[in-house]
Amino acid sequence: MAIFRRRKGASGRRPQSDEKKETLTKESEEKSDSKLNSQRSSPPAAAARRKRNCVDRCCWFVGCICSMWWFLLFLFNAMPQYVTEAITGPLPDPPGLKLAKDGLQAKHPVVFVPGIVTGGLELWDGHSCAEGLFRNRLWGGTFGEVYRRPLCWVEHMSLDNETGLDPPGIKIRPVSGLVAADYFTPGYFVWALLIANLARIGYEDKNMFMAAYDWRLSFQNTEVRDQTLSRMKKNIELLVTVNGGKKVVVVPHSMGALYFLHFMKWVEAPAPMGGGGGPNWCAKHIKAVMNIGGPFLGLPRVVSGLFSAEAKDIAVARAVAPNILDKDVFGFQTLQHVLRMTRTWDSTMSMLLKGGDTIWGGIDWSPEEGHICSPKKNGYDQTTGDNKTLNLTTYSRTKYGRLISFGKEVADLHSSEIESADFRGAIKGNNLANTTCRDVWTEYHDMGIDGIKAVADYKVYTANSMLDLLYFVAPKMMKRGGAQFSYGIADDLSDKKYDHYKYWSNPLETKLPDAPDMEIFSMYGVGIPTERAYIYKLSPSSECTIPFQIDTSADGGSKCHCLKGGVYSIDGDETVPVLSAGFMFAKGWRGKTRFNPSGIHTFIREYNHAPPANLLQGRGTQSGAHVDILGNFALIEDIIRIAAGATGEDIGGDRVHSNIFTWSDRIKLEL
Amino acid sequence: MAAILRFRKLCFLEPSPSSCNNINPKVEKKNDCKNCSCEENGTRKKREWRCIDSCCWIIGLLCTTWWLLLFLHHCMPPNFPGAEPPGARLRRQGVSAHHPVVLVPGIVTGGLELWEGRPCSDGLFRQRLWAGSFAHIFKRPMCWLEHMSLDNETGLDPAGIRVRPVSGLVAADYFTPGYFVWANLIENLARIGYEEKNMYMAAYDWRLSFHNTQLRDQSLSRLKSKIELMYVTNGYKKVVVVPHSMGANYFLHFIKWVEGGGGGGGGGGRGWCAKHIKSVMNIGPVFLGVPKVVSSILSAESKEVAFLRSMAPGLLDSEIFRVEALEHVMRVSRTWDSLVSLLPKGGEAVWGNLDWAPEEDHVCDSVMRKYEQQLNDTRGFQVKESTKYGRIVSFSKTALESEVSLSKSHGSCGKVRTEYDEVSQETIWKLSQGGAFTADTLLDLLRSVAPKMMKRAEAHFSHGIADDLSDPKYDHYKYWSNPLETKLPEAPDMEIYCLYGVGIPTERSYVYKLSPPGRCRSIPLQIDSSADGSPNGCLRGGVNFVDGDESVPVLSAGFMCAKGWKGKTRFNPSGSATYIREFKHKAPANLLEGRGLESGAHVDIMGNVALIEDVLRVAAGASAVELGGDRIYSDIIKLSEKINIHL
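In the order they appear, the protein sequences are chains A and B. For the first sequence, this note's numbering gives the first residue as 1, with consecutive numbering after it. For the second sequence, this note's numbering gives the first residue as 1001, with consecutive numbering after it.
Excised from the complex, chain A in its bound form (with noise of 0.2 Å):
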């Protein structure tokens, strides 16, 4: 902030304040007064007096507003807490003082696994361009250098294409410690007041423990370039050593989720893929895994993000900086550029939706059909039940497991009414003459008009479609993502294949380890519309566009409110739905199954979001959104509890609001 204006002063200042030199050199030539009185007193010439009044006018512009300035920033650090307190009323005692009077103290070691985006990246190697920032960070913190030099920028934070890993010459490594992510610009936190919250019982850096790794690689290259899950394992196997023996608390939010999963089995798998830790280490070193707003089936989000980078955060680039996305920083291609770099990110798509259309539902089935959208109700009230049953006639049921729509009327549509022309076999031409557009480089220009209009031909696309859509528009990027990511479920749990590395973070197509007494939480926030599928169109065919769009103008007005802007959404926490954060918990480990054969305890834990009541409280206290839920009290406390020795069973068992039994219940999966 304070650059920015600073910036903006020296540049808009700058040539008067060089006339002023002028003036004032003249003048202390002219006489031996001090500088001061030679501007006061009057020159000669009147020409030259009107011009220094000018300047003397921008003086004093500029002085009395940083006069102001200084002073608001005076008061504002000046104001006591009880000014706030005084309009909020009595704030509510942080959970972690609170629970030191009650006496807890700290037990088991914890470890914070941080999602995709939210953990800082620093420079140690880069071009000439990059000069300076040498352990600057790039990603997280003030991200000064997305505006200074943006495609600069791009540059460093893409991977290469080909590999998934650095481009030659540009080193990007993970911030480590806890700083890595425990804010992610000044002013947001992440992971701060959770800290903050567990040191007030007496964590600290011995039993704490941050396992930052780089959110752009895919899981198992994290290991073969930084060998960050070797770095995890020493570091858990130090935190239970030097705390007595006692076993870590992991609190993974978002993607960590699912790279730890990848790590669970990585650790107990043999040595050269794996960590060669033995069948009983994740036994022997974890009491409890605490996934936050994990997203173990996938997002659909993320679907849009890689067809068309339109999904409202897939990189929370759009959320940090509104605006460089929508104006013209980049030139024309702002998206493009965005489309370019996120491809590159392997990680990505280990967050594509996983199980087909068993889980995310048919051309005209999906587990969620029913589910009311009412814009006024936040969260849930005891009614809720007798609503759906009433209105369900009403309303007509959205067909939530088309994901992609091309047209309103499509989405709507029995399939049998759909006319749709297989893409798969469509011709790629090269037919596109946009040659101007070339330096960005994103995959549609292989399509040609051909390939996109079979696309569009197509109507609609389920889960499983979907993946031969991306693979039909994104070559390259799903033939390095298929290396390491698989999106199916396995029949056969024990066939030889699902050793390799690759199904390790899909919960459908891996055993949990065996630890019959580790506890596994789902912990989510339920009650904001989040997206579920959407509706698509062509582009209006200018030179350099995505082809694809999302059709803002869909909507589907008091008969539909699920649909808005072109996209259908459902319950959830803002960027995880219900289903994709609770099924596994609900059903799919719950109990023994196939996937969970040792039967380790499973709990859902809900948190119904409540927005801030005011400004005043920033992001509120009973957040149920994806990243301000690391703020929510009661999540705060529920981790304490546990970290202090509770168990599942101590803090209530499941604590469910959304429909998520119901929902996994239609599921027909084989466990």
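Hints are supplied without guarantee of correctness; some may be wrong.
[As the list claims (entries may be wrong)] Result set (BS3-like, lysine-lysine): computed pairs, CA atoms no more than 27 Å apart in a straight line:
#1 Lys284/A <-> Lys1226/B
#2 Lys479/A <-> Lys171/A
#3 Lys234/A <-> Lys1226/B
#4 Lys1237/B <-> Lys171/A
No wet-lab data here; the hints were simulated from the structure.
Put chain B on the given structure of chain A with help from the hints.
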């Protein structure tokens, strides 16, 4: 910060009548003319252009010039052509990362942050109390002092306060913004391919005794685990350890700890060091202690006991803490056990006795040196009167005569209680009659003036010379950081380097006097800054200087490498190779060079190009022979020969 200060200054200046009155007549004069022009324009509020306006005007002017300068500063190319960093040069020569590197920071350079505190420290959670901007010294000095102190009895945290070391490379890359410590070395290592996976900063709480860092934070266990991890993940390549200053003692402690079995040890077993460590490159090591710690414990007066003085030169002498700044510093620093680890070790055998010292022939002044050479030429048999460096603390004659005034009221306004309040005046007077103290008797002196501190800390450190190293008592951890009371591990392939600067006068011994009475001071001793001039020009302001790196005398940094561990000795039974690399101090030629590329000063040496190159080459796999073996400018070999200890 600077902007705010400037702003405040302005606020104070502006309302003062003088400035406004001075301006007013002229303004009015000008207003006459202005009115003419304004009447033409038809406006009529020129009367209000008065004090406030000129205020705003000045602020505006200052701001714009400030921004302009800042802007220009940012536009300036960051690197001046010609000074290619050593890392870039070595990379062109094909040198690349090979061995993992462990950095061990020294005293005071590591950051400390707050994890739990008293109400006065509200809002400082996880903020740096030590290093960084030090803003809180100014904002809430008493609170800051309270939190930086340790418990007087245990040497651990006081109840309700948890101050912990910052971890990661940020712990000690910069001490304050712009004042690099490790940053230069890190950057150059990065240029040949180092990153966080093969570089580790072993940050620890430098206020604690070494054993307590393990007790409270498990710092030694973490270091062990990190070294093992880097060894494995980097393809079983041994690590190169780079300790600085007190870090050298800390790492010595670590090597003993890690191999020590069961009881206070790390259980790494014999051969752990041989397996994991390629070389230890001590930068400015304080193996045998530094004399300046003596003065800092005695009277909190050494030049930079905690950088405090150099950081804020006015702070100690000004009235910010009223008159008791030094007392506060003394009270806080006496709770830091680690200071005791830096007291001179080896006693009179190493540091000299009342009439003898290894450095006695040292001549400080270059003019003096020539003169003396002439003298020697003409009358070679002349008996020189050499400086008696062995008397680390001596009391000046004038002080001895001031007994009358001493018994007068003293410490009447001692709001800050230092341990001196518990020591009777007579004791101090008697002590001062003792005349001079050598490295041996010095410890008795300290025990009598700082009984609690010495009692606490001597359970953790020892300062003698072992007669028989196989004595089982030497398995106790308090001997582990004293190179004269431990054996190096059995690691014949391990290399030990002593890299340090020479050519800067370094404090070696002090002339003390009793504080002038009557003033409100509770520290009864102070350096007699009037003592000046000695035959060889080494006594200045009550301090005798020898060659060194401004903090550590050559003797302390180099003796072990030059003699104590050289070849197979009883301190080095397996004959690990030792090398001395000295770096001659050359002050920066101009301001643009900052702290100099060839500096030999204790901390600035971390930016010395030659030293960085040495570290980089060794990290990339070179052996000492390829570097060129020993590189000596000082008299360290001669000095060491004069010291007779059984090897």
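Those earlier numbered hints the structure runs against, lowest number first: Going through the list in order, the structure violates no hint and respects every one.
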